[in-house]
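S.K.: In the working numbering, the protein residues as written are 303 to 879.
Hints may be right or wrong, so weigh each one.
[Said to hold, decoys possible] No farther apart than 30 Å at their CA atoms in a straight line, the calculated lysine-lysine pairs in the DSSO-like style are these:
(1) Lys424 x Lys729
(2) Lys657 x Lys424
(3) Lys739 x Lys729
[Stated by the list, open to error] Here are the computed distance ranges between Cβ atoms for each label pair:
(4) Ser655 x Arg395: 21 to 27 Å
(5) Leu371 x Glu688: 21 to 27 Å
(6) Leu431 x Ile642: 37 to 43 Å
(7) Asp871 x Thr666: 57 to 63 Å
(8) Gly840 x Ser689: 29 to 35 Å
(9) Arg832 x Tyr854: 56 to 62 Å
(10) Leu595 x Arg832: 45 to 51 Å
(11) Leu431 x Arg771: 37 to 43 Å
(12) His791 x Val879: 27 to 33 Å
(13) Leu372 x Pro434: 40 to 46 Å
Note that these hints are calculated values from the structure, not bench results. Note that the Cβ used here is the ideal one computed from N, Cα and C, for glycine as well.
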Amino acid sequence: MTSTAHEALRGQDAGKAPPPWQRRLRRFGYVPRPVTGLRERLVPPYARPSDRLWTVLGAPPAAARRLWLLAAWGGPLLVALVAGLLRFWNLGRPHAVIFDETYYAKDARALIEQGYEGSWPKDVDASILRNPDAVAVPVDPGYVVHPPVGKWVIGLGEQLFGFTPFGWRFMVAVLGTLSVLMLCRIGRRLFRSTFLGCLAGALMAVDGLHFVMSRTALLDQVLMFFVLAAFGCLLVDRDRTRRRLADALPVDADGLLRPDARIAATLRLGPRPWRIAAGLTLGLAAATKWNGLYVLAAFGVLTVLWDVGARRTAGAYRPYESVLRRDLLPAFVSTVPVAIATYVVSWSGWILSGKGYFRNWAATEGRDSSWSWLFPDWWRSLWHYESEVYGFHVNLTSGHTYESNPWSWIVLGRPVSYFYEDPAAGKDGCPAGTAEKCAREVLAIGTPLLWWAACFALLYVLWRWFFRRDWRAGAIACAVAAGWVPWFHYQERTIFLFYAVVFVPFLCLAVAMMIGALLGPPGTGEAAERRRTIGAVGAGVLVLLIIWNFIYFWPLYTGQSIPMDDWRDRMWLDTWV
Numbered sequence: 303m304t305s306t307a308h309e310a311l312r313g314q315d316a317g318k319a320p321p322p323w324q325r326r327l328r329r330f331g332y333v334p335r336p337v338t339g340l341r342e343r344l345v346p347p348y349a350r351p352s353d354r355l356w357t358v359l360g361a362p363p364a365a366a367r368r369l370w371l372l373a374a375w376g377g378p379l380l381v382a383l384v385a386g387l388l389r390f391w392n393l394g395r396p397h398a399v400i401f402d403e404t405y406y407a408k409d410a411r412a413l414i415e416q417g418y419e420g421s422w423p424k425d426v427d428a429s430i431l432r433n434p435d436a437v438a439v440p441v442d443p444g445y446v447v448h449p450p451v452g453k454w455v456i457g458l459g460e461q462l463f464g465f466t467p468f469g470w471r472f473m474v475a476v477l478g479t480l481s482v483l484m485l486c487r488i489g490r491r492l493f494r495s496t497f498l499g500c501l502a503g504a505l506m507a508v509d510g511l512h513f514v515m516s517r518t519a520l521l522d523q524v525l526m527f528f529v530l531a532a533f534g535c536l537l538v539d540r541d542r543t544r545r546r547l548a549d550a551l552p553v554d555a556d557g558l559l560r561p562d563a564r565i566a567a568t569l570r571l572g573p574r575p576w577r578i579a580a581g582l583t584l585g586l587a588a589a590t591k592w593n594g595l596y597v598l599a600a601f602g603v604l605t606v607l608w609d610v611g612a613r614r615t616a617g618a619y620r621p622y623e624s625v626l627r628r629d630l631l632p633a634f635v636s637t638v639p640v641a642i643a644t645y646v647v648s649w650s651g652w653i654l655s656g657k658g659y660f661r662n663w664a665a666t667e668g669r670d671s672s673w674s675w676l677f678p679d680w681w682r683s684l685w686h687y688e689s690e691v692y693g694f695h696v697n698l699t700s701g702h703t704y705e706s707n708p709w710s711w712i713v714l715g716r717p718v719s720y721f722y723e724d725p726a727a728g729k730d731g732c733p734a735g736t737a738e739k740c741a742r743e744v745l746a747i748g749t750p751l752l753w754w755a756a757c758f759a760l761l762y763v764l765w766r767w768f769f770r771r772d773w774r775a776g777a778i779a780c781a782v783a784a785g786w787v788p789w790f791h792y793q794e795r796t797i798f799l800f801y802a803v804v805f806v807p808f809l810c811l812a813v814a815m816m817i818g819a820l821l822g823p824p825g826t827g828e829a830a831e832r833r834r835t836i837g838a839v840g841a842g843v844l845v846l847l848i849i850w851n852f853i854y855f856w857p858l859y860t861g862q863s864i865p866m867d868d869w870r871d872r873m874w875l876d877t878w879v
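Kindly generate the complete structure, drawing on both the sequences and the hints.
M.R.: See the structure below:
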C-alpha cells in the first residue's frame, strides 16, 4: 500500500466514530491517540495555554492572544535577565587569578595586543592583580595548546574593562547569559512549548557548573556557547526545510495536505543559510577547543538524518536514496568546508604577525619538506604546530588532584576546586565570632539535584528515542553523546569534570522533557484532570528542590566565606573534598 493510500485511510478513519472497544474503555480514562494531519507532522504547531488559564487570569480572547505571542520572547528574556543578574553579581570577586585563568587571561591579553600569545614569567600573576598597567606583554612567543577563538573572546572583555578579573571574566559571563536565552528559544522550538523552553533555560540558569563557568575565564564555556548556537541553527534549518516540503505538496479537494512520492524524492530544498551558520559556529567551536570537531561530526550526521525523516514523512519511498542524491553533498559543503575555513581564519593573528610559536618553522627546520612546492610556509608551519599540539594532548597523562573519569561526571563524582582560602575569624568576610577558620571556595560542580535528576531524564530520553522514535529525544541524546562520549576514548588522559559544561544545555533539555512527561498531555474528564494535577505537583516540587539546592550551594559557587562547619555540611560526598 502506498503512502498516499495510508494517508487517505487515516483521513477516512478520522471522520468515523471510534470502534466499540474504544468507547467502552473511555469510562476507564482511555483516550485514543489523535490523528495528526500531514502538515502538522511536518511542521508541528506551538502549544497554546488552555482557555481555562485565560479565564482564571480574566484576560479577554484578544488580550490572551497578544500575551501568548508576547510570551514567546518575553518569557525567555525574563529568564535570561535573571540569569544575567546572577552571573554579573560581584563578578570581579574573588580578586584573584583562579585555576586556569592564569593561562587564558594572559594569552588573551597578548592576542589582543600583538596577535599571538607570549611567554609570560611564572610569577607575574601577583603583579597583574596589583597594577596591571605596569605589566608589559612579552614579545617572545609562548607555546599554547588550544586554538585562539576562546582567547579572542576573553580578550575582548579585557579590551573593554581592563586587564582585571572583571575584564577577563566579562565576555564569558555575557556568553553564559546569552546561552540561557538561546536555550529558552531552542527548547521552545524543540518542544513547541514556551513553558518547557523557558523551563529548560531556567534550569540552566540555576545549574552550578554553568554558573561557575560563566564567571571564570576558561575556554569551555565559550565552546559550549558555540555548540549550542550550532544546534539552534540546525533546528531552525530543520523547520524551514520541512515547511518548504509542506508548501510543495499537493492539497486534496477537502483542503488536506497529501504526501507525494515524486515531490518528496526530487524536490530541491534550495539555499539553507541556517545550515551554513551552523557550519560557521561549529568552526568557531573547534577553533576554541578541538573537541568541537566531534560535535561537528555528530551534528553533520544529525542534520542528514533529519532530511531523511522529512522526505519520508512527505512520502518518499526511498528517503535515504533521495537524501544521498539531493542533500548529502550540499549538507557537507555547507558545514565541513565552512567550519574548516572558519578554523583557519581564526589563526589570522598568528599568521599575519610572523612571530608566533612555530610560525617560521617551515622556513627553518621544515625548509627541506617535500611539500614546500605545494603549500605556503604559513600553512606548513600551522600544520606542524597542530601536529605537535595533538601529540601533547594525547600524551597528557600527568596526575592532577582534581582529575576525574568521564563515567563519574554525570553523578558529579569529582568536582574541581578553582579557588580556596581559609580566612581567620574577622577577616575576608569570616564572622568574627567563628570558633575556627572559615572556608572560602569556588567549586566547579553542577547543582546536585539537577544532575541527579538528569540521570533519570537521560534514561527517559533514550527510552523515548528507542521505543517511540521521538526525534526530539534523539537530538538531545546525540548532543549529549557528542560532548561526553569522546572523552571515554582518552581515559588515560588528565581530564576534568568541567569539560562536561559542553553538554549541560542538553541535560537541561532532557530534564525539561521529562518534566513535560510528568505533567502529561492535556485532556478532558476527571481522570485526566487528576493526572495533570498530580503531575504538576510532582514537577513543581522537583523544580523547587533544584532551585533550593542552587541557593544552598551558592557560597561555594561565589567564593563567599562561610564557617567551616557549614562548608563541611555541603561536602555531601567524600570525593568532593
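S.K.: All the hints need checking, so say for each whether the structure fits it.
M.R.: Hint-by-hint comparison with the structure:
1. Lys424 x Lys729: holds, 28 Å
2. Lys657 x Lys424: Holds - the C-alpha atoms of lysine 424 and lysine 657 are around 21 Å apart, at most 30 Å.
3. Lys739 x Lys729: Given pair lysine 739, lysine 729 holds - Cα atoms ~10 Å apart, limit 30 Å.
4. Ser655 x Arg395: 21 to 27 Å: Because 35 Å falls outside the window, the suggested range is violated.
5. Leu371 x Glu688: 21 to 27 Å: Given range 21 to 27 Å: violated, Cβ gap about 49 Å.
6. Leu431 x Ile642: 37 to 43 Å: Holds - the Cβ-Cβ distance for leucine 431 and isoleucine 642, about 39 Å, lies within 37 to 43 Å.
7. Asp871 x Thr666: 57 to 63 Å: Given range 57 to 63 Å: holds, Cβ gap about 59 Å.
8. Gly840 x Ser689: 29 to 35 Å: Once the Cβ atoms are compared, 53 Å apart, the range 29 to 35 Å for serine 689 and glycine 840 is violated.
9. Arg832 x Tyr854: 56 to 62 Å: For arginine 832 and tyrosine 854 the Cβ distance comes to about 33 Å; the hint is violated.
10. Leu595 x Arg832: 45 to 51 Å: holds, 50 Å
11. Leu431 x Arg771: 37 to 43 Å: violated, 55 Å
12. His791 x Val879: 27 to 33 Å: With Cβ atoms ~29 Å apart, the hint holds.
13. Leu372 x Pro434: 40 to 46 Å: About 44 Å separates the Cβ atoms of leucine 372 and proline 434, which means 40 to 46 Å holds.
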